[in-house]
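Build the complex: two chains, separate frames, hints provided.
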Amino acid sequence: MGAVTMWVVGIIVLPLLAFAVSVLFLGVSRKVTARIQRRYGPPLYQPVIDVVKLLAQQENVSHGVVFDAGVVLALGGSIATVLFIPVGGLHPLATGGDLLVVLYLMLLAPLGLALAAGAAENPNASIGVSRKLILALGYEVPFLLALLAVMVHSETTSLAEIARSQQASVLGWGLFRVPLSALAVCLVLPAMLGLRPFDMATAPQEIASGPLVEFGGKYLALAALQGALHSYIVIALFVDVFLGGGANVLTFLAKVFAVFLAGLLVNAVYPRVRIDQALRFCWKWPALLALLGLVVVMVAGR
Amino acid sequence: MDRAQIPKILKSPGNWGRKYSLWAVYFCTGCGIIEIPPVITSRWDAERFGVIPMATPRQGNLFMITGYVSLKTLGAIIRTYDQMLDPKYVVGFGSCPVNGGMYWDSYNTIKNLDKYIPVDGWISGCMPRPEAIFIAVTHLWTLIDKGLADGYKRYKDNYEFYSQNQRRVLPHLPKFAGEYEAEALTA
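Chains as they are written, first to last, in our numbering: chain A, 1 to 302; chain B, 303 to 489.
Here chain B stands alone, though its shape is the one from the complex (with noise of 0.2 Å):
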């Protein structure tokens, strides 16, 4: 441990918690999963970051999204996202989350995961080294140094955008408790 970070880590010991332990949610959406192998394991070692997979959701705060993103995973995805736990991350992993990459004029997945739920950080390239992902992580560690890794407020502060844009391409989408419940008042 560098002896000039102390200081700062007992002025906030919860920023220095969330930046170097983020535990990402094992979740595979597409081809890019295939660089998560390699990175959680011994060729090269994200636990040095302290990055480990988590197998549910409620212990997870990283949330990669790994490759193209179809309809029905988004509607995964999506409720994988509310059961996390705030403050939470996502990373787009690929150039398909981020403008839909070769999938563009596809009829079944999205192109900008932008608009369904709010992304912190964007990998580009298809598909990035696993490298990659730890410039990300670095990155991903001054978004939280700056108060700039806000995802999980932006849900919540402009959530109406974000539902409508779900609704329009996932009708079917379960509805929270409260939405039933304000349907049942007005009946």
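Only chain A is shown next, with the shape it has when bound in the complex (with noise of 0.2 Å):
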């Protein structure tokens, strides 16, 4: 009764942490890049008030059934992979999915905002969803790359499994046990979230924000929740495999937060490049360092 009441608990929990995290996470990344830019920046719980703000629009602009499903598609994709991942000692099911079932859910987040972009019949969202497409496929490779030497090296594809053989000693950490991978996906880190010097999908400069051009009121309101989630989740996967998960839920989302600490000082300072120099980038740094590190580790397992 109690592993079931445990369960049930995680389940709801789980996502409202990722929302309540990944929102903080939008004020934080507002606030600091202000800070860095000497500006006195917006207060902490500006994207509060904007997501009430979209939300309480009176008007919403819907362009067919595959606009409002894609929206809703890429937010429930979003909210089904953070079951997936463990958050310190919370896993509910964790046990029952692995690595590659995260990976395949984390696909449904991009398709349903595609699906949303294409239904909106806007270049500009046509542009914007390509130039996402190609950035995917510049750094999937690295990132499955070195997420295979990781399964390799710990010989098992469960999350809980691989966060869990970790929590040793730091020495012990995916970074320390990997180091070529976890550097490969350090290099990627940037283009899976989106930040600079790889946002060209979202360009508010030159494409109009790209997927979101014709995105307004409440439609906006979910997309934006779902860029928060996606970032939480890329950085907890970051975290589960490479830094050692967490002993509990403090720890965890600590090294979550350093993370996107460091990621969102790289967004303040680089420009954007442009998306055949991001694709050139990605597979030949990040790729030729996650194939070096997938041999080391099967010619050293072996």
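Heads up, some of the hints might be wrong.
[As the list claims (entries may be wrong)] List time: in silico DSBU-like cross-link candidates among lysine-lysine, alpha-carbon distance up to 30 Å: (1) B:Lys-413 to A:Lys-218; (2) B:Lys-313 to A:Lys-218; (3) B:Lys-455 to A:Lys-218; (4) A:Lys-31 to B:Lys-310.
Source of the hints: derived by calculation from the structure; they are not laboratory data.
Have a look at this one:
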């Protein structure tokens, strides 16, 4: 009975926790960026004001059933992914699904946004989606190679198992056991989060915020929440695989926050690169490092 | 946050959001836009007030007409305004949208913007200083609080008046789908 209660509580608490943390991250990101640019910045709860305003908008322009369904699919896919990522000791579904399930579920959100953007029939949205997909083609190669090295090294595909096996000491972290793979994922992390220098998919000044160009009102609110949740998912996955997860929820969230802050500093000072430069970079250095890491792990394991 | 505000926020969260999250449409009509970069960057940081520039009209709810409005720009302004979602607020920036300013007798600018789209507030001056934008924003807050910033409602109620004025200077302005259908039915 106790186990079942814990399971149900975990399923309810995890998405709420993820929402709270990711909205807080949005606020922190705006404040930290402002301080780096020597501005005072908005209050920490500014994203809450923004989302409340968008949800309270009196007029919402929809572009058909696919547009509505796409936004819901994106947000639902993100919430489903959150349930499969172990947060400290909390992992209600992580025993049922493994790293491969997470990788597949993570594709639902971009798919939903691409469907909605396509239904909006705005040329800027199409350009944004095509850039996003090309960028995904770039970072998926090193990312999957690095995760393959991790799975080979720990001889399991269970995310909870991988996180637990690193908790003996700091030197047991994936960062030190598979350093080349960790470095490769570090290099593509800004691309996965959509931060500068890889934010060409949603470039507001070039293509009017890309896939989100026709989003307004409650649709934009859901898309903004989904974007925040996506950053949380990617960083949580990185922490679970390479930074030893967390002994409890608090240490886990502290690590997630540290990685997020590092990404933010990169985001605040770099300019945007072109999509072809991004693809060339992703397929050159991170992919080579990840491939080398995989070879080292396979040879050392033999 | 002021603690005395909390009951007011709980009473009407939508109003709270509309007040402190004004997303401005990135639209430059005339020379007044030169005052906007210092306002949104480090020197005068508009993000303190919740004002940030948005790339598309669908996402914005504050429309600043910065400077003189030529006839060609007026068409783009009307189209942009129609694409914005309710509630939306329009602020005329500088003398030219108020009464024509130094382009008073020009052959291709309009003199009073309020005849073509409803304007909620004016910032006069040529040029107004960046601080004037913040005075306008705080003034807009009180207008929103009192329910006086109702330009979007006036536009719907008096659409005939605005539409006639728009068509008089811009005969080739694209018509709405509804009017096309009405014409097809009568023909």
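Evaluation of the provided hints:
1. B:Lys-413 to A:Lys-218: violated (37 Å)
2. B:Lys-313 to A:Lys-218: Cα-Cα ~20 Å, so holds.
3. B:Lys-455 to A:Lys-218: Given that 30 Å is the threshold and the Cα spacing comes to 20 Å, the pair holds.
4. A:Lys-31 to B:Lys-310: Since the Cα atoms of Lys-31 (chain A) and Lys-310 (chain B) sit roughly 25 Å apart, the hinted pair holds (cutoff 30 Å).
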